[in-house]
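Asks: Read off the chains here:
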Amino acid sequence: MDFPSTQFVSSRTMGTYEPIHQIGMWGENFKSISNPNISASVIVDVANKLENESETTSHEMLASTSKHDQEASKPFDKIQRRLAQNREAARKSRLRKKAYVQQLEISRLKLIQLEQELERSRQQGLYVGGGLDTGHLGISGAVNSGIAAFEMGYERWMEEQNKQICELRSALNAQISDIELRILVESGMSHYFELFRMKSSVAKADVFYVMSGKWKTSAERFFSWIGGFRPSELLKVLVPQIDPLTDQQILDVFNLKQSCQQAEDALSQGMEKLRETVSATLASDQMGQGIYVPQVAMAMEKLEALVRFVNQADHLRQQTLQQMSYILTTRQAARGLLALGEYIQRLQALSTLCANHPREPA
Amino acid sequence: MENPDPPSMKEELLSLHIRLLAPFTGSSKSSSPDPITEGFEGGDFEDLAIFGMDKVTRLASEKGVVLFSKSSCCMCYAVKILFQELGVTPTVHEIDQDPEGWEMEKALMRLGCNGPVPAIFIGGKLVGSTNEVMSLHLSGGLMPMLKPYQTLC
Chain A
1 MDFPSTQFVS SRTMGTYEPI HQIGMWGENF KSISNPNISA SVIVDVANKL
51 ENESETTSHE MLASTSKHDQ EASKPFDKIQ RRLAQNREAA RKSRLRKKAY
101 VQQLEISRLK LIQLEQELER SRQQGLYVGG GLDTGHLGIS GAVNSGIAAF
151 EMGYERWMEE QNKQICELRS ALNAQISDIE LRILVESGMS HYFELFRMKS
201 SVAKADVFYV MSGKWKTSAE RFFSWIGGFR PSELLKVLVP QIDPLTDQQI
251 LDVFNLKQSC QQAEDALSQG MEKLRETVSA TLASDQMGQG IYVPQVAMAM
301 EKLEALVRFV NQADHLRQQT LQQMSYILTT RQAARGLLAL GEYIQRLQAL
351 STLCANHPRE PA
Chain B
1 MENPDPPSMK EELLSLHIRL LAPFTGSSKS SSPDPITEGF EGGDFEDLAI
51 FGMDKVTRLA SEKGVVLFSK SSCCMCYAVK ILFQELGVTP TVHEIDQDPE
101 GWEMEKALMR LGCNGPVPAI FIGGKLVGST NEVMSLHLSG GLMPMLKPYQ
151 TLC
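The listed protein sequences correspond, in order, to chains A and B.
The letter at position 306 of the first sequence is residue 306 when you use UniProt numbering, and the numbering goes up by one with no holes.
The letter at position 11 of the second sequence is residue 11 when you use UniProt numbering, and the numbering goes up by one with no holes.
Calculated from the structure, these hints are not laboratory results.
Ideal Cβ placement from N, Cα and C applies to all residues, glycine included.
Treat the hints with care, since some could be wrong.
[Stated by the list, open to error] These stretches of chain B come out as covered by chain A in the derived footprint (C-beta under 8 Å, 3 or more residues):
#, segment
1, 51-61
2, 70-82
[To be verified] Here are the simulated lysine to aspartate or glutamate pairs, EDC-like style, with alpha carbons at most 16 Å apart:
#, chain 1, residue 1, chain 2, residue 2
3, B, K80, A, E264
4, B, K80, A, E159
5, B, K80, A, D265
[Said to hold, decoys possible] Derived, one-sided and incomplete: chain A residues facing chain B with beta-carbon distance under 8 Å:
#, residue
6, F254
7, K257
8, A266
9, E304
10, V307
11, S351
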């Protein structure tokens, strides 16, 4: 078949423009999915489509050109044949497009799954893989190092704590002067204040970590109230071990215990309200996709309030220690600190025993 | 005083506010850029902050226990519960529901309340935020201050 070359060229040009445009569109979508399985089949599909499209379009152009130039002489069935080829090519193209879209859907689901796994891992303080969003790399790196630093610091803190307990015990038995005892009491209190500072720091990185009390033994966690001991409970446990107290002291301690309880109740109720708020925020009825939905972002804001509560609870513990140091004599305070330290040691021993002596089923 | 709103008292109030705000105006442009106030001239901000301080001091000087709060703030809720337990009904101002809430927030921060809520005033005097209230309560100093305003026997 001889056709004017200019027409042929133009049809070719026209034929090749459209598929590239379409592939350009598909290419954009394809770039965001780094699934090697899909790339091979897509390239094949796209290559085929390119071929088909140019065939189809040039066929159309050829058909119309042929109709124009030689409408009288060309047999009817040749036109029919070409139309049939067109239809066939179009049908194949549609099937390939359907297969491609299906692949896209599967990849999308895989991506959502990966995002969820990543979020879960990040919240557990582990960072798995990378590349999805370099911005997140920095944040979870900070959380990791914040928690790691805290755990290292706590190990040192515990060593120092046990040393101080031994010193207190021998000091009280040895009947040293009040001035020397005062130094031990002051350093004991400062040591607790140091722990509260460490907790405040890691709470900024991961407040749920502090709330869970992960760094503590299981028995300690059993008594946990907003990331630590309930001050009024400690007073109940320890004061009997600081006998004898004067009447004034008994009254003062009683008032302190009552104030603690009132403050604790208020904070507990505030926490309950916060739980309800976070829960309601996460559950709010909105159409969303995947896990990066507005609800999660809004819930993150509420976590700022949780940090406040954690800090407030530690502040309460600190104030309780402070007030006790004012009410008690140096010797009594030393005995109180010793009792507290030993109480924690016994809880830790209980956890270890529990873990190593599982009960036999009856 | 002849009229209900004597100009001399207003002038006094204004001069007091200017003195309170003096450390924060003019040269403070270079320090801590506040996205909310960026683009404001020093003069504009002074006026707004004065409005906020004006309202805060007026509300705070009401008799009894005054609590500046936000309806969404759970710590404010905790402080409300504490006062309830102590037999006191504070006058609560939810600044997130107040048309001048932003100015009041700025004023409270100027007064040293980092929250800025909850902010507690007793008998017109600023007690502070949750920290101060808790410390005061544990030291036994809160109850005597609340005694005149207790509603339950």
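Asks: Check, residue by residue, whether the segment 51-61 of chain B contains three or more positions whose beta-carbon lies closer than 8 Å to a beta-carbon of chain A, and give the verdict.
Replies: violated (count 0)
Asks: Hold the hint about V307 of chain A up to the distance rule: shortest CB distance to chain B must be less than 8 Å.
Replies: 11 Å, violated
Asks: Tell me if F254 of chain A is really an interface residue toward chain B, meaning its C-beta lies closer than 8 Å to one of theirs.
Replies: 11 Å, violated
Asks: Going by Cβ atoms only, is K257 of chain A closer than 8 Å to chain B?
Replies: 10 Å, violated
Asks: Restraint: S351 of chain A near chain B, CB-CB cut 8 Å. Satisfied or not?
Replies: This interface hint is violated because 30 Å lies over the 8 Å limit.
Asks: CA of K80 of chain B to CA of D265 of chain A, is that 16 Å or under?
Replies: 11 Å, holds
Asks: Can you verify the interface hint for E304 of chain A: is its Cβ closer than 8 Å to any Cβ in chain B?
Replies: 10 Å, violated
Asks: Does the segment 70-82 of chain B contain three or more residues whose Cβ lies closer than 8 Å to a Cβ of chain A?
Replies: holds (count 9)
Asks: Take the C-alpha atoms of K80 of chain B and E264 of chain A, compute the straight-line distance between them, and say whether it is at most 16 Å.
Replies: 13 Å, holds
Asks: Is it true that the CA of K80 of chain B sits at most 16 Å from the CA of E159 of chain A?
Replies: 41 Å, violated
Asks: A closest beta-carbon separation below 8 Å is what the hint needs, so does A266 of chain A meet it against chain B?
Replies: Interface hint status for A266 of chain A: holds (4 Å vs cutoff 8 Å).
Checked against the numbered hints above, the structure breaks hints 1, 4, 6, 7, 9, 10, 11 and satisfies the rest.
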